[in-house]
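Could you slot chain V onto chain Z? The hints should help.
Read top to bottom, the protein sequences are chains Z and V. Note that the numbering used here numbers the first sequence so that position 237 is 237, with each residue one more than the last. Note that the numbering used here numbers the second sequence so that position 151 is 151, with each residue one more than the last.
Keep in mind the hints are simulated off the structure, nothing from the lab. Just so you know, nobody snuck in bad clues.
Every beta carbon over 10 angstroms from chain V, so not counted as near; a handful from chain Z, in silico: (1) T63; (2) T117; (3) A151; (4) I161; (5) M165; (6) P217; (7) G241; (8) D263; (9) F270.
A few chain V residues facing chain Z, derived, Cβ under 7 angstroms: (10) G37; (11) V50; (12) A53; (13) I59; (14) N194.
Here are the simulated distance ranges between beta carbons: (15) A60(Z) x E235(V): 11 to 21 angstroms; (16) A26(V) x G213(Z): 41 to 51 angstroms; (17) G213(Z) x E102(V): 49 to 59 angstroms; (18) A26(V) x P212(Z): 35 to 45 angstroms; (19) G213(Z) x G101(V): 49 to 59 angstroms; (20) L154(V) x P149(Z): 51 to 61 angstroms; (21) T93(V) x L246(Z): 46 to 56 angstroms.
It should be emphasised that the depicted structure is a prediction, and the values quoted were computed from it without experimental measurement. Ideal Cβ placement from N, Cα and C applies to all residues, glycine included.
Listed here are the chains, written in short residue letters.
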Amino acid sequence: MSAATSTPVVTSPGRRPRYLAIAVTAAQQAVAYRINTVAGIIGNFFWIAILYYLWRAAFAETTRIGSFTWSEMRTYILLAFGLNALIGFPTASRMMYAIRTGDIVIDMVRPLNYLRTQLAQVAGAAVLEGVTSFTIILALGIGVVQILPPASPFAAVLFVISVAMGFVTKFLFVFLVALLCFWTINAVGLNWAQLAVVNVLSGTLVPIELLPGWLRPVAEWSPLRGIVATPVGVYLGQDTGWDLTLMLGLQASWLVLLWTAADRAWPRAFRAVEIQGG
Amino acid sequence: MLTLDLHRLRFYARIYAKLILLQLRAAVEYRADFWIGVVGAVLMNGAGLVFIAAFFSRIPAVAGWSAWEVATLYGLTMIAYGLREMLCDGIWTLRVQINRGEFDRLLVRPLSPALQIVTSLASIHGVGNVLLGLVVFLTATHRLELDWTVAKVLWVLMTVVCGLIMVTAISFLANVIGFWEPGTQSSFPFMVSNVVEFAKFPLELYGWGIRFLVTAVLPYGFVSYYPSLILLDKENPLRWLGYATPLATAAVTFVTAWVWRKGLARYQGVGH
Numbered sequence: 001m002s003a004a005t006s007t008p009v010v011t012s013p014g015r016r017p018r019y020l021a022i023a024v025t026a027a028q029q030a031v032a033y034r035i036n037t038v039a040g041i042i043g044n045f046f047w048i049a050i051l052y053y054l055w056r057a058a059f060a061e062t063t064r065i066g067s068f069t070w071s072e073m074r075t076y077i078l079l080a081f082g083l084n085a086l087i088g089f090p091t092a093s094r095m096m097y098a099i100r101t102g103d104i105v106i107d108m109v110r111p112l113n114y115l116r117t118q119l120a121q122v123a124g125a126a127v128l129e130g131v132t133s134f135t136i137i138l139a140l141g142i143g144v145v146q147i148l149p150p151a152s153p154f155a156a157v158l159f160v161i162s163v164a165m166g167f168v169t170k171f172l173f174v175f176l177v178a179l180l181c182f183w184t185i186n187a188v189g190l191n192w193a194q195l196a197v198v199n200v201l202s203g204t205l206v207p208i209e210l211l212p213g214w215l216r217p218v219a220e221w222s223p224l225r226g227i228v229a230t231p232v233g234v235y236l237g238q239d240t241g242w243d244l245t246l247m248l249g250l251q252a253s254w255l256v257l258l259w260t261a262a263d264r265a266w267p268r269a270f271r272a273v274e275i276q277g278g
Numbered sequence: 001m002l003t004l005d006l007h008r009l010r011f012y013a014r015i016y017a018k019l020i021l022l023q024l025r026a027a028v029e030y031r032a033d034f035w036i037g038v039v040g041a042v043l044m045n046g047a048g049l050v051f052i053a054a055f056f057s058r059i060p061a062v063a064g065w066s067a068w069e070v071a072t073l074y075g076l077t078m079i080a081y082g083l084r085e086m087l088c089d090g091i092w093t094l095r096v097q098i099n100r101g102e103f104d105r106l107l108v109r110p111l112s113p114a115l116q117i118v119t120s121l122a123s124i125h126g127v128g129n130v131l132l133g134l135v136v137f138l139t140a141t142h143r144l145e146l147d148w149t150v151a152k153v154l155w156v157l158m159t160v161v162c163g164l165i166m167v168t169a170i171s172f173l174a175n176v177i178g179f180w181e182p183g184t185q186s187s188f189p190f191m192v193s194n195v196v197e198f199a200k201f202p203l204e205l206y207g208w209g210i211r212f213l214v215t216a217v218l219p220y221g222f223v224s225y226y227p228s229l230i231l232l233d234k235e236n237p238l239r240w241l242g243y244a245t246p247l248a249t250a251a252v253t254f255v256t257a258w259v260w261r262k263g264l265a266r267y268q269g270v271g272h
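Isolated chain Z, as found in the complex (with noise of 0.2 angstroms):
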C-alpha cells in the first residue's frame, strides 16, 4: 500500500478528494435502496418504544430511579438510539458480506487504504441512513416525548465532539469484527454479536449506571460507552469538571489505540484471503 503513496499520481488532485468521492457514491447508493434505509430506521423504532413504555409505567410509581428523572432517561433512551443508529446493522452487513461474497478483491486492488475507504464508505451511507433516523428521532423527541435540551451551551458543543469521536468509535469496532469475516463464513452471527454487545456496554439498552453490579466496570472502562453513554451523558451534564475530562480523555485514548489496531489489523487479514479458483 505505501506504493500508491509514493507514486506520483498527476491526475489526482490530492488525498482528500478521493476518499470524498467514495464517501459520496455511498450515499447515492443509500438513496438507491431508500425503502430499505427507512424499513431499517423503523425496525429501529420498536425496542425506543418498548422501552419507552416500560420506564414510563416505572417511573409512574417513583421520580428518580438511579440519578435519572423521567425527563432524563426518555431523553437518554432516544439520544441513545439515534446515535447507535448513525452506523446501522445494514452498513455492519455491508462491510461483512463485501469480505464474504469475496467483493473485496476490488478494494484489494484499488491503490488506496483499506481502513479510510471503508471509513469515507461508511461515513457517506451514514449522512443518509444515520442522519434520516438521527433526524426522524429527534423530531420525535421535540414533539412526541419531550426531551430535554442540552445541559449547557457549552455541552452542546462538547456533545457534537463526542458524538464524533463516538461515530469513529463504533465504526473501527465493526471494522475490527468485519475483519474476522476473513475466517469465518458466519457474517450474520457475528453482526449479531456485534450488535448485541454495543447495545448492552454501550449504554444503549440501559444506563451504565443501572447495569447489574458485575457488568458495570466492564462497561464503565470499555471503548463502546463512547459510542452512546459519554456523548449522552455529556449532553445531560450527568459529569462534570474532573469527571467530565476524565470521560472525554478515555473516549479519545480507546478512539487512538481503536485507529491502531484497526491500522495493523487490515494488512494481516488481507493475506489470509484464499481466492476460489483463482
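Below, chain V without anything else, positioned relative to chain Z:
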C-alpha cells in the same frame, strides 16, 4: 375421504422431516459457523435479558407484572421464534430464489411448492434461542411457583405449537411480498418479523396503536401474552382472548395460505 387426507398428511410429514433433517445436518457441518451463529443469536436475546435484570432490580413490578412473569413472556417468545428458525425458515430464501429464477425448479417438481420452500433452509442457530428460551421460561415458572397440572402442561404445549405456526405464518406473509416486489434486498420482511419484540413484554404497557397491531394485524400477542394471561392466572379484562389462541393462529394461517396462492398464481418467472 378422511382416511385419504390422513394418508397424504402422513406423507407430507415424512417428506418434511426428511428434507429438514437434511438441511439441519448440512448446517451443523460447518462447525465454527454453527457456533458463531448460536452465540450471536443467544447474545442478541441475552441483551434483552440484561435489560430486564437491570430494570427489575430497581422496580419490583410494572403494570402488575413481576420480573419473572415478564421473563415468562420473553421465554415463550424466544422458544416459538427459535423453533421457526430451526424448522421453518425456508421462506426467507423466497425472494432470492424468485430473483435468480431458481423458483421455477420448485414448480416443476411433483411436491407442494410451500413444502419445498419451507424446507429450503434451516437456521441452526435457532437451537440457541430455543434452549435459552426454555431455560428462561422454566426458571421463571419455577420462581413463580407455578403449580404444574396436566392441563397447564398441555396448555403450554398448545401455546408453543400455536406460537411456532403463528410466527411461521407471519414470516410467510412478510416474504410473499417477493412475488410482487422481486428485489433481493428488502428490509420489509425483517421489519414485520421484528414486531415480535413487542410480544416479549406485557401488552398493557403500550399505547392502543401497538396493542392493536400485535392483537389484530400481526397477532404476535398470541405467541406469549394472551396464552400467558391464562397460564399465570392474571386478572385482565382481555383474559378470554387467551382461549382464542388456536383460533387466531388458524385465522392467520388461512389468510397466509390465501395470499400465498395469490402470489403463486401471479408468478411469471424471470424469462427462462
